[in-house]
Each structure stands twice: as C-alpha cells, then as structure tokens.
Amino acid sequence: MKGTYDKAFENVVRLRIMSILMVNEQFDFNSFKELLDVTDGNLASHLRNLENQGYIQVEKSFVGRKPQTNYSATQEGKSAFQSHLEFLENLINQNKT
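The sequence shown begins at 1 in UniProt numbering and counts up one residue at a time.
Treat the hints with care, as some may be off.
Claimed, not checked - Below are the DSSO-like pairs computed for lysine-lysine, each with C-alpha atoms no more than 27 Å apart in a straight line: (1) K33 to K7; (2) K33 to K66; (3) K33 to K60; (4) K66 to K7; (5) K33 to K96; (6) K60 to K78; (7) K7 to K96; (8) K2 to K78; (9) K2 to K66.
Hints in this document: simulated from the structure, not taken from any laboratory.
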C-alpha cells in the first residue's frame with residue numbers, strides 16, 4: 001500500500017494543525033486557538049508534539065510590544081503529512097466495492 005500511516009496525525013487537533021500549515025506558509029498561536037477552538041494548554045501540547053517530531057518549526061517574535069509565536073511546517077513535516085494522506089486515500093480506495 002502506498003503512503004505511510006503516521007501516529008503523529010492520529011489526533012484530530014494535530015491533523016488539523018498540519019492541514020492548516022499545508023496551505024498557509026505560517027500561522028500564529030492565537031489564530032490556531034481561535035480556529036481550532038481549543039484551550040491554550042491543549043494547543044501548546046499538540047504543537048510541542050509536532051515540533052518534537054520535527055514536523056513544524058517555531059518562530060517567536062514581537063509585534064510592537066506583544067510577543068507572537070508563528071508556526072510553519074518543515075519539509076519533513078510536509079512529506080510525512082502527504083504520505084499519511086496517501087495512506088488514508090489508499091485505505092479508502094481499497095475498501096470500495
């Protein structure tokens with residue numbers, strides 16, 4: 001079967017984070033929080049998990065005097081996510097009757 005199942009994307013929040021980063025060059029913490037409707041702690045935990053996998057990178061900066069944290073998908077993360085999607089697509093196609 002083509003593609004590779006990746007446990008990093010088992011959780012729907014991490015799956016959605018990567019989906020967002022596949023179509024946006026970068027995305028900030030507060031925008032993720034608003035779009036995904038999750039708590040700070042929950043979101044931070046999922047982002048840290050993806051960062052530890054090497055799938056996203058973090059960039060901290062200041063906008064005026066306010067700190068801003070932006071996230072972007074790494075090349076490794078994009079490849080892993082694409083491979084995961086291929087796996088799911090093949091799984092669906094395999095079960096067509």
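Going through the hints against the structure:
With a C-alpha separation of about 22 Å, the suggested pair K33 and K7 falls inside the 27 Å cut-off, and the hint holds. Among the hinted pairs, K33 with K66 is consistent with the structure: their alpha-carbon atoms are about 17 Å apart, no more than 27 Å. Of the supplied pair hints, the one linking K33 and K60 holds, its CA atoms being roughly 16 Å apart against a limit of 27 Å. Restraint check for K66 and K7: the C-alpha separation of about 35 Å exceeds 27 Å, so the hint is violated.
At roughly 36 Å between alpha-carbon atoms, K33 and K96 are farther apart than 27 Å, so this suggested pair is violated. In summary, the hint linking K60 to K78 is supported, as the alpha carbons are separated by about 21 Å, within the 27 Å threshold. Distance check on the hinted pair: K7 and K96 sit about 24 Å apart at the alpha-carbon level, within 27 Å; holds. Between the alpha carbons of K2 and K78 the distance comes to roughly 16 Å, so the proposed pair stays at or under 27 Å and holds.
Distance hint between K2 and K66 is unfulfilled; the C-alpha atoms sit about 45 Å from each other, more than 27 Å.
Figure legend: structure checked against the earlier numbered hints; hints not met, in rising order: 4, 5, 9.
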